[in-house]
Every structure is written in C-alpha cells, then in structure tokens.
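Peer 1: Residues per chain, in single letters:
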Amino acid sequence: AIVAGDAIGDRGFTDMAYIGIQEAQKQFGIEYKVFECNVDPSKYFDSLRAAAMNYDLIFVDPGYFFDKELAEVSAMFPSKTFVYIDGTSSLPNVVSVPFKQNEGAFLAGCLAALLTNKTELCKINAEKIVGFVGGFDMPVIRDYQAGFEHGVKYVDPSVKVIARYAGDHYDPALGKETAYSVFKEGADVIFQAAGPTGLGILEAARDYGFYAIGVDTDQGYLQPGFIVSSMMKKVDVAVLDIVRMQIENSLEKGSVHVYGIANGGVGLAYNQFMMDTVPASVYIEISEIQEKISNGEIVVDSYLD
Amino acid sequence: MSKTYPNGLEALREVSFEVRKGEIHAIVGENGAGKSTLMNILFGLIKPTSGEILFNNNHFSPKHPSEAIDLGIGMVHQHFKLVQSITVAENIVLGMENRFQSKLRRVDREAMNESVASLIDRLRMSISPDDRIDSLPISKRQQVEILKVLYREADFVILDEPTAVLAPNEVEDFLEFVRGIREMGKTVIFISHRLGEVFSLADRITILRRGNVIGTFDKRDVDRESVANMMIGTATDLSEDPPDCLGNESVLSVEGISDVSGTIRDLSFQLREGEILGFAGVGGNGQEELFEALAGSLRLASGDIRLVGSSISSLDTLERRRAGLALITDDRMGKGLAPDRSIVENCMAGHHKFGKFGKWLIKDTDARSFTESIVADYDVRCGKNIKTAVRALSGGNMQKLLVGREIAYEPVVLVAAQPTAGVDVAARKLIHDSFRRLVKTGSGVILISGDLEEIMGLANRIIVLYRGRAVTEMTHPHYDPTEISYYMTGIRGAQDDRYSHS
Amino acid sequence: MIGTRTLSFRKLLLSLLLVLCILSVWALIIWFGGESPFKGFRYIIEGSLGNHYQFLSTLNKMVPLILAAAAVAVPAWTGMWNIGGEGQLLLGAFGAALVGFSIDFGVGLVNIVVALIVSAAFGMAWAAWPAFFKIKLRMDEVVTTLMGNYIAAQLIAYLINNPFRDPRSPLAQTPYIKSSFVIPYLFEGSQFSATFFVAIGMVLVLFIFRKRFITGYEFDITGSNPVFAGLSGIRVKKTKLLSMLIGGALAGLAGGLLVLGMTQRVMQSFSPGYGFTGLLICLLAFNDPLLIVGIAFLFSALQTGSVNLQLFTSVPAEISGVLQAVMVLFVAAFKTFIVGRREG
Amino acid sequence: MDIELITTLFRTSIRMATPILLASLGGALTYHAGIINVAMEGLMLISAFFSVVFSYLTGSAFYGIIAGVVASMLISLLYSVFVSFLKANNFAIGFAINILISSLTLFLMRVMFQGKNAFNSPDIASIMELKVKTGNYFLDNYLLNFSILTYLSIAIAFLLAYIIYKTSFGLRLRVCGEMPQALTAAGIKVGVIQLWASILCGGLCGLAGAQLSLYNVRMFSRDMTGGRGFVALAAILISGGKPKRVLFISLLFGLFDALSVKLQNEKIAPQFALMLPYIMSVVVLLLFHLKTRKQYGKA
Ligand SMILES: Nc1ncnc2c1ncn2[C@@H]1O[C@H](COP(=O)(O)OP(=O)(O)OP(=O)(O)O)[C@@H](O)[C@H]1O
Ligand SMILES: Nc1ncnc2c1ncn2[C@@H]1O[C@H](COP(=O)(O)OP(=O)(O)OP(=O)(O)O)[C@@H](O)[C@H]1O
Ligand SMILES: [Mg+2]
Ligand SMILES: [Mg+2]
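Protein chains in written order, with the working numbering: chain X, 1 to 305; chain P, 1001 to 1502; chain Y, 2001 to 2344; chain R, 3001 to 3299.
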C-alpha cells in the first residue's frame, strides 16, 4: 500500500509513486491501495495503521511527513515492512529511499546558467539572470533552490538568481504572477518547484515567452517549446524496484537505497523538447557535469542536514 | 376566529365581530387581550388557528400582507416598522416607489418627495419628506407610520395604538385627522387605551377581554366607566391626584447640565424626598437626552448631577445604580428588556449586580422567587411560566414587568420615562400606585411623560421642556392643561428663548 | 434557550424526517460514487463505531472540534463573531510546542500544565487584538479575525521555517517536544488520551459557567441586547472583551492539546481547518456547549467512517466532504422547524 | 522608481484585483440584502471548474463563462433557498457550500479527467483581451490589453452603485437588509428580494471564477480560489458594501498581492511579504475607523 501525505494529483511524489505502484501491479499482479491524507495530520496515524493492518509492504510517501507516527505504528507491526520515501529513517523495520533532489536541481541550475548566456536563442535576453519559483516555503523546496543556485554559480558565477515563493502549492494564478514578476526583472530561464502552483508558472513561460524547467515528472508536454527540460525525481522507479525486491525476497529491513544522479534516480529529462531547443554544446556540457557528480567530483550544496 | 400561539398560549378564543363600512370602530381591551393579534391576522402577518374573515362579503384569508394591501387594507403597527437610514418619503412610498421610475429605472426623487409633500400638506403636518428617520423624534416617526398607510389610499385602515407616543396637542390634531379619513368614506379600526380618545372618535366600540369578545356597542349606549368595567371586569376609579408626602431634603439636584450635541441646554432642577417631578413636553424636546444624562450614557458638556449630595456625573450606569438610581426607559423592546430571554433573566438584570442572587453562583431559588413576586405584584400575564421569552408577552405586560423590576430596587430616585405607554387602565393604575408607594418611603420620582393627564394626576410639580430647556414650572394644584400645552408647543415661553439665543 | 422549549410529537416527527432526508441523500451520493449504499453505510458505521479502536479514534478526533466550536460559542454568547479560531489554534499549538521543546520543569504534570496554559495564552493573545479593535474603534471583528487566520498561518510558516525549524526534517516543522511533555496514549494502538477528558471537562465548565454563574448570565444578556445590558449596569465592553479572550484561549488550548496529545510538533498544514469546522459545529449547536459535543461526535464519526469507506471500497476520499456538507445543509435547514428560530 | 517596475506592479495588481472585485461586487448585493455571504469562495470555485470544462469541450471561452455563471447561479439559488426561505443560518450554509464544492470539484475531476487534482490543456480557450496596440506606452500598458472582464467589472461597479442607490430595486434591497419587517409591512416579500440578490451575486461570483480559470490562468486546480472569496468578504465589510468603495478596496488588495510577490528578497522572508495583503486589509479598516472617529467624535 501507499500512504500518501498529500493526495493523488499533486503532480509530485504522490503521482509518481502511484504510477510506480500501478506498474508494479501490471508486472507482478500485486494488490494495492493508496491512502490519501490530504496533508491532514490527524489522518496520519489512522491511515498508517489501517494500511499496516491490511498490507505487507507500506510505502510512506514522503516519509518525513510521518516521522513520529511511523515510529509508533511500525513498532506496533514489527513484521511489516515500511518504506520511507525521500529520506532516511533509523527504525528497524523501515527501508529508506532517499532522493538527492539537490543533485537534480544542480543540473537544472547548470542548464539555466548555460542557456541564459546563449543570447542567440530567441527567448534569451542580454541580462545574466535566471529565476527560481517555489510553492510552499519549506526545507525540501529550499533544497531544490540550494541545488539550483549551486548549479548556476558552478557554471557562471556572474549569473544572478532571483528566487521567489508563491507561498502555496495550490494557487496557479499566484504562481503565474510570481513568475511574471521574476521574468519582468530580467530572468529568461525559470525553474519551478511548486506542485500545481507550478502549472501556472509553466503557463507564464508560454504567455510571456521565457524558458521554464519543470519538476518531478517530465512536464515538457504541458507547454511544448517552452519547457526546456524537467528535473525528474523518479519515485516511480524506486517504488517498482522496491516491490520487485520484496517479491524476490531480497528486500532487507533497515536497508537504505539512495537515488541520485549516479543511478539515474534524479536528473534531467532528456526528451524531444530538450533536443529541439537546447544547442548541442549545452547538452554536452551538461553530460560532463553529470559525470562529475556521479563520480563524486562535485559535491552539491544542500539546504538539509 | 381563534389563535393559539406555538407556545400554547390561546390569544383569541372564537372571536367574532363586524365592522361597518365608513365607520370608526374602536377596539379596546386590557393588555394582552389579543387586540394586536387580531389585527395582525387581518393584515396577513400571522395565520389564525381557525376561523374566517369576510371582506366585502368575500372570503379572505391573507397569507402575506401584500394580499391585504391589494384589497385596500392598511395598518399602523404598535411597534414601528420604519427604516432608519432612508428618508421619510422613501419610507412612505416603499413598495410603490416604482411608480416614480423614470428613464433607466431611476426613482425620481423629486416627484416622490413632491407627492409625499402634498399629502403632508393636506394633513397639515410638519415633516420634511427629505429627513432621515433616525433624525426624527418618536412622535414624528409615528406620523410617518400613519402617512405610510394613508399614502396607499387604503380604504380600510387599522390603527394599533397610534396615539400612545403622541403629545396631547398632537393627539387632538391626530383625532381630527382620523375623522377626516372617515369623511373620505374610509373605514377605520382604532385601538387605544385612552378611553377619552375612544369616546371622542369612535362610532362603535368592541371590547375584548382575555381573548374573548365581550360585545360591540354603539358609543351612545355606553359610557367610560361601563366600558372600563367591561374591559377589566371590576369597577375602577379613574381619577387621580398627586400623592402628598413631600419632604424637605433634596435627593437629586441637577445643576446647569448641557450635553455635547446641545439638545439639552443649561437644565437645572431639584427633586425633594417624596416628590414626583413631572417633565412634560412634546417628544423630541430633550426627554431622551435628559433620561440618558441621568442614566449616565450621555456625555455632558457642562453641569453637575448630585444624588443625595454627592456628585454622580462621572459615574457609569452601574455606579449610579449602586448610588440609588433606578431607570424605566421609554423603549422597552430596544433598551429595557432582552426580548429573546426569559422573564426570569429579564427580572434579574441589574439586581444581580447587588449580590441578590449570589456573588459568583446564581441561586436559582432566589431568582425564581424574586421574579415570581414581581410577576404577582404587577399582574404580569405570562401564563404562569416565568421561563417564557419576554417577546411572547403583550406590550403592556412587558411594561409592567419592566416597571416592577425597577421599583424592586427600592431606589432613592426613580427616573421613569413613559412608564405607562401602551398600558391598559388597570395596569396604569397599578403602576401609578406603585409610584405612590415608592415616594411614601421618601424616594423621589422623575416622571418624563408625553401623557399630560398622567403627569397632572401624579406629579407634585411639572417642568415643561421645550427645545431642551425648562420653559416653565408649575406646582400642584395650580395646573392648567391649556397653559401647559401652550408651553409644550412653544406658543408660550419660546419667544423668550428665541430672543435670548439668536 | 433550549431548556425553555418542549419536546412535542411534531418535533419528533420532523427529526425523523431530517434523519431520513440526510440518509437518503447520502445513499444517493455513495451510489453515485460506485458503491451500494447499504455497504457504504456499514463501512461508515464500522469505521467510526465498529470496534473499540475505531470508537476511540472517533472520540479522539472530537477534541479539537469541540474546543474550536466552543471558541466560537463563548464569544457568540455576548454577540461577538470569532471567525479566527483557526489562527488562534495555530498560535496555541506553537505556544505549546515552544515550551515543549525548549523548557523543562522536571515534573511531567507541571510541564504539561504549563504548556497548556501557554497555549491558551497564545490563543488568547491572537483573539485579543481583534477584540480590542472592536471595543475601542468598533472595527468589525469578522474582518479582523478572518484576516488574523491568514496572518497567523504565514507567521507560523515563518517561525517553523526559520528560527524554530527542526534542522533534521525536510518538512517545515518545530523540533519534537520533550517526552516529559507528552500526554500519553491510554490504550495500546490508539491515539486516544486524556486530552479527551480535558475537552469534555472544559465543555462542562462552560455549561455550568453559562447556566450558573453571574458572569455567564451577563454574557447571555449582553449578547441578547447590549443596550439593555448597559442600562442594567453590565459593563458591556468588558464582557465582550472577556468572552473573546476566553474564546481565543479555548482555541489555543485546542492547539496545545493536539501538540501534547498527538502530533508532538507543529508542522506546516498543522490544521486541516479545525477553526472553520468548529464554527459550523457551533452554529448547528446553537452555541450550546452540550449540543456541541453531540454534533462534534457526528462530524468526527463521519470522518473516521469515511476513512474506512475509502479503505474498503472504490469510493473516492472526497466523498467525506460531500457527506459532511449535506449533513450541515439539512440540519441547518431543519433546525428552524424543529427548535424554532433563535429570534423567536 | 523605474517605469518598467511600476508597469509590472500595475498589471499584476489589475489581474489579481479583477476576480476579487467581481466577487465582492456580488457579495455587496447580498450584504445590502442583509446576508453576509461566506459562500463566495465556493461559488467562484464551481464556476472556475465549469468554465474550464465547457471552454475545453466547446473551444469557446464564451460558453465557458456562461457555463460557469450558470453553475454558480444554481448553487446561489440553493444557498438562497436555504437561507432566505428555510431560514437556515447563513454562515452554516455558506461554509457547508464551500466544503461541498471543494469536494465536489475534486470528485468530478476524478470522474471526468482520470484522477488529477489539476486539469490543463491547450484546448482550453481563454478569455479575450481588449487587444489593441496603439504604440503609446501609457495606453498599451495602463489602459489596454486587459481581460474584457476587467473592463466589465469596473463598469459593473458603477452600474451597481446606480442600482443600489438610485433605483427601486436598490431601495428595497437596502430596506431588506436594514429592516425587513418594513418590507413585509409594505407587502413585499423579503425572501424574493434576497433571492434576486443571491442570484445576481452568483452571477458575479461566476464571472470571478471564470476570470480566474480562463484568464488569470487557463486551468483548474484543486481549491484554486485560494481564499479569494474571503478576501472579497473583507473588501465588502471594509467598504460597507458601497460599490465604488468596493472597487477602490479591491484594487488596493490587488496592489498588495502584487507587492507580496515583489517585495520578497534576501532580507524580507516570503512569509512576511505574503502576509502583507492581510495585514493591509486590517490597516485599511483601521485607518477608515480612525478617520470616522475623528469626524464624528467619540460616540
Ligand atoms: N409571538 C407570540 N408568541 C406567543 N404568544 C404571543 C405572541 N404574541 C403575543 N402573544 C400573546 O398573545 C396575547 C395577546 O397579545 P396581543 O399582543 O394581541 O395583546 P394586545 O391586546 O395587543 O395587548 P397590548 O394592549 O398590551 O398591546 C398575549 O397574552 C401575548 O402574551
Ligand atoms: N473604507 C474606506 N477605506 C479607505 N478609503 C475609503 C473608504 N471608504 C471610502 N474611501 C475613500 O473615499 C472615496 C469615495 O468615498 P465616497 O464616500 O464618496 O464613496 P461612496 O459613498 O460610494 O459614494 P456614493 O455615496 O456616491 O455612492 C473612495 O474612493 C476612497 O478613496
Ligand atoms: Mg539572459
Ligand atoms: Mg397590542
């Protein structure tokens, strides 16, 4: 089962996990259920408990929503396996699946910094400014921001980053105005990490004519030609992997499975939309940087820990 | 016609009566007899439990006032139904203002004011159609209520206690004016507790007693005493004289008070022990302000108020009550009671500050017995249930409750504004008697009333208020009603005022 | 109010009709959601009352609802509208957490009592400024308390993101409170704790306060007719201020109990709208403390029940909101007929 | 300040103000009729949803708006039946309707668009702008190129000022709020006046929702009204329901919204900037009260 802190349709980790578990059902014929908590803390404990009573493998997505409740419920069901998505937990019957979003965001930052210097592209202006727009102001999102800023500075320290928050994950109109404001201040590439609010940001890219970088899923199809790439966090792959391990009886309680650039758990979406807009030279540079992260040459800044 | 209210109270019991075309038909009865209930049924405001109405020989059972209005029935309600923030003219034409719609559905103010002004002129009233209601004194508001009905050219006019708040000279004009309506061929139902008015106006009189019709009589066949007896069931003495127990000490002295807005100006008087001091005047000449100045809810610009020697000007209402003041307001629904709360809760109010029912916890039995004694002493008809909401009482019974509660303070000074407005003869006597008993103990009473008969029958001394000033003072037994009403209306005394202040 | 009205056959009939109406509309919705209504009802009932665990969960979820409703009710007695329960609750929760993670008095009970007092004080403070503006300047408290919610939400978001952030969590939240501040669960496998008795205790205190205390009586009179109250020597402004402060304290306490008894930290999206649900409950309950408990129970049962419904059927989770709204609509409408209008 | 910055602020203000203005004009009508309408949030949301659905299906923003307005009016009708005829408490019904619609739109989205909390598509037609390029900077940036609903809403503000204070319906409306008994005594049914006010309010909230989901953005997402209905309520209460003041206050709120985006930087945490619109609404109310207090002295 999946116990989701938010609900399906958040265009983020819940949707990704949902895709993963559907795929797992197709491949392995498992039974599953998604428990949606709609960010209501009073439902965390009950949902976890109900899931643990009825299912063997419980994805807790994202884990950090549930720290305390998970500690309580996992102790009540020592035989069940809980999967802590997007972080690490030291509880005995919990498998941890941390994602290095800062590494992915770093690549997005590199892409943005490289693009804003390519003034020959039609949407790129002379100013060396890129933007970041977040939804809720919270540490995970700040982690995206930190990775992004590090990436920008790594490529070209003279590029300025304007970072703004819409303060809400569910207000696309406000997201759009925030992006508009950042764009008007000179940013021509904007990275968003804002859930459904981000949909408004992507729309702003099209209406006002700048490049946007999507987040979590491959969002290129939403506004073709304006979304140069997306920074993906492949929760679906992780879910599928874990289910496979469980079925193959190779899943160890307490194990940690890191998803980062190295194993393709996070990274940019190299899709048709990117091919169409991004010059080959940029593509090559990004690949080189990605290699450096994989082999540990670059250690990306993080807002967390 | 029968009506049983949802709370089980049987307000009307198979009442039947008939009104002839073109007559003035008075309905009299003590408080709570069911007069207002009956009229509200006729006007479609409430539905009868059983019974039927024939109007011009047609069955008629209005579900909403609009149906009654369509048939030419108009009603002046006992409690005002005026909108404060709009003008006199707007209030009057409300519901018909679309007559004055000009281009673009705009209401043509001038045409509207003109048509209202012509009606006002015809009736020789002095109201401007452009005044806002909240700037008018009570008596003027009553006139607006009446104008509303007449404006609709209703053929059948119901007047539920229209004169209760009018000054004597206004009453006379008003009665004249009702006669005028009859001359125009209209039918009038007239409700009043003042039998004098009833006899000078009505052609026939229907007497209601506790929800039953006692009978309908031709005016020539009955006299005041017999009607009063039939209303109440016992003989009563209607003539009164002021009490005689004046002491020498001054209990209240007011020295040159003026309020911030200048409605009362430089008012001074003394109240002695055992004295009832009457304030006569046409409504709106400073009575309300005088009351509020004494109550402590009006800011004074100058002057001082002393209660048994010590100044109370800077005290708030609670501290004044502690010092020995009690207050009967003229607006029982708005200021004197909490209509949605029970009788017990209304009786306790104020007294609870004196530790009568305990300091922290309410002693239920004390509250109950206190209330029951007021209800019994003042004959408040509430069907024995002191937990019913005050709203369900008739106007007069509310008033008795209010008076009872205030006198129960055993105050040093009682300020009573219109203490018998809308009260029947027997209750009026009851209230007056309680004032007399009070002054026997050495207390003083300030009686602010628009009812000259009441003041002359009760007060040892009368001060006439005109435009916020004391224009004259008379002492019992040298009262002259004509003289007083000259002062009240500014025919006397006002000239001096005009000369000295312009 | 309630005491003065009598039960009659008509009222009984209307009440039955009300239940019937709600149930049939519910049935329709569940059927539309793709499940047989009877099965649907069975899951809802089992999910809320089915076994002692479910029942305790229902009781436990009543705690914030009861107090948030009381936070609206007490000011309503004096004629004040407190729409700011949400903000007051957040502040109260933060207050409790602040004490809980930063101080320690050594004795568990002292810790808990101090934290709860601080939470009530924080809630009270957040109700104080709208009350003050109302009394001094006659500023509409509906606007100020309503806006206060949004301001409080951002303020808390700032505090838990910056100065009081738990550095170990990727979520914006305060550090966990110390274990000596935790109000322990009473039964294995359930979050039910003594907080429930605190909430019920508060309700009883309020009930007695209103019916038996002089000040409670003054609240009622002030709410019913402030001009009259003033003429009777009641200090109207003080009374209104006091009622608002009590309301704020109750909402703050709700937040404090949630933190000490359940979440042990304040995180973003701490309240799923307790303040507004509390307002609804209070309105349906005529501001009456005892009825609040009854209606809060219904709301809470519906919530736990719909979690269960979602678990065993394909009916989507949103249905609980729809069911709740239907219940409120009908109860609010029938109330007029069953008990009569407040206005008389 | 730099002209480009002012222009950006101005354009954002106007765009953010329009839905609030439309909704608060609608709410002003019920306010005068004696109902404080807390259902505006839900009314906007249902309209935002149906506007998007119908704009998507028909490819015409006009039909989208119509569908949104009709949906919002129907819910308003329901609201009015409960509040004006069944005499239920307006706060209870209002909040219940908000919960109902918030859940209902999610429910419908799951049924219609396969489990998404947000729905967007290039096939959603957006509301027209008054698109003229005159070449004059001032005209182009300050007066032209806004949604046609923006111009309409300003016209409606003046129209309502006329209706409320000059016409017969307006008179009855105001009486209905202040002293309904007077209306009954004059033979006019209070419920009917309130019904009309509610339906008109529904229509205007419908326009507000359409503006939000077909112009400000072209999509629907869960609870996308984001509390704007309550901000509109604040605008009404602050302005006493007077349309011209409502216009002024709504524009002010739009400006604060724009500023809350703009002001964020290293020194000002986003939370404090985002608080601004709400703090300012309290401050505006405060200033207004201080002003009246000075005028009339202490009461
Ligand atoms: N809404 C109501 N609910 C219950 N009882 C009521 C209601 N209105 C009036 N009554 C009761 O009906 C009876 C008749 O009242 P009504 O108002 O008709 O008296 P009235 O003759 O007009 O008296 P007054 O001269 O004092 O105005 C009274 O006993 C009163 O208490
Ligand atoms: N509550 C308020 N807060 C701040 N400013 C206000 C407020 N009310 C009015 N104003 C200012 O006063 C201006 C107009 O006020 P005015 O009283 O003339 O409007 P109005 O009453 O709607 O006019 P009318 O009476 O013709 O309808 C507004 O545009 C605004 O600048
Ligand atoms: Mg550039
Ligand atoms: Mg009467």
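Hints in this document: simulated from the structure, not taken from any laboratory.
Bear in mind the structure is a predicted one, so any value in this text is a computation, not a measurement.
Honestly, I wouldn't trust all of these hints.
Looking from chain R toward chain Y, a few residues come up when the C-beta cut is under 8 Å (computed) [to be verified]:
{"no.": "1", "residue": "Phe3091"}
{"no.": "2", "residue": "Ala3092"}
{"no.": "3", "residue": "Ser3103"}
{"no.": "4", "residue": "Leu3106"}
{"no.": "5", "residue": "Phe3113"}
{"no.": "6", "residue": "Gln3114"}
{"no.": "7", "residue": "Gly3227"}
{"no.": "8", "residue": "Leu3274"}
Glycine included, C-beta positions come from ideal geometry on N, C-alpha and C.
Peer 1: Is the interface hint for Gln3114(R) satisfied, with its Cβ closer than 8 Å to some Cβ of chain Y?
Peer 2: violated (12 Å)
Peer 1: Does Gly3227(R) hold up as a contact with chain Y if the rule is Cβ-Cβ below 8 Å?
Peer 2: holds (7 Å)
Peer 1: May I ask you to test the interface hint for Leu3274(R) with respect to chain Y, counting a Cβ-Cβ separation under 8 Å as satisfied?
Peer 2: Interface hint status for Leu3274(R): holds (5 Å vs cutoff 8 Å).
Peer 1: Holds or violated: is the Cβ of Ala3092(R) closer than 8 Å to a Cβ in chain Y?
Peer 2: holds (4 Å)
Peer 1: If you take the shortest Cβ to Cβ gap from Ser3103(R) to chain Y, is it below 8 Å?
Peer 2: Cβ of Ser3103(R) sits 3 Å from chain Y, so the hint holds.
Peer 1: Under the criterion of a CB-CB separation shorter than 8 Å, is Phe3113(R) in contact with chain Y as hinted?
Peer 2: The hint is violated - Phe3113(R) has no Cβ within 8 Å of chain Y, the shortest such distance being about 13 Å.
Peer 1: Can Leu3106(R) be said to touch chain Y, with a Cβ gap under 8 Å?
Peer 2: holds (4 Å)
Peer 1: Checking hints one by one. Is Phe3091(R) an interface residue toward chain Y, by the C-beta closer than 8 Å rule?
Peer 2: Check passed: Cβ of Phe3091(R) comes within 6 Å of chain Y, closer than 8 Å.
The structure fails hints 5, 6 (numbered hints given earlier, in ascending order).
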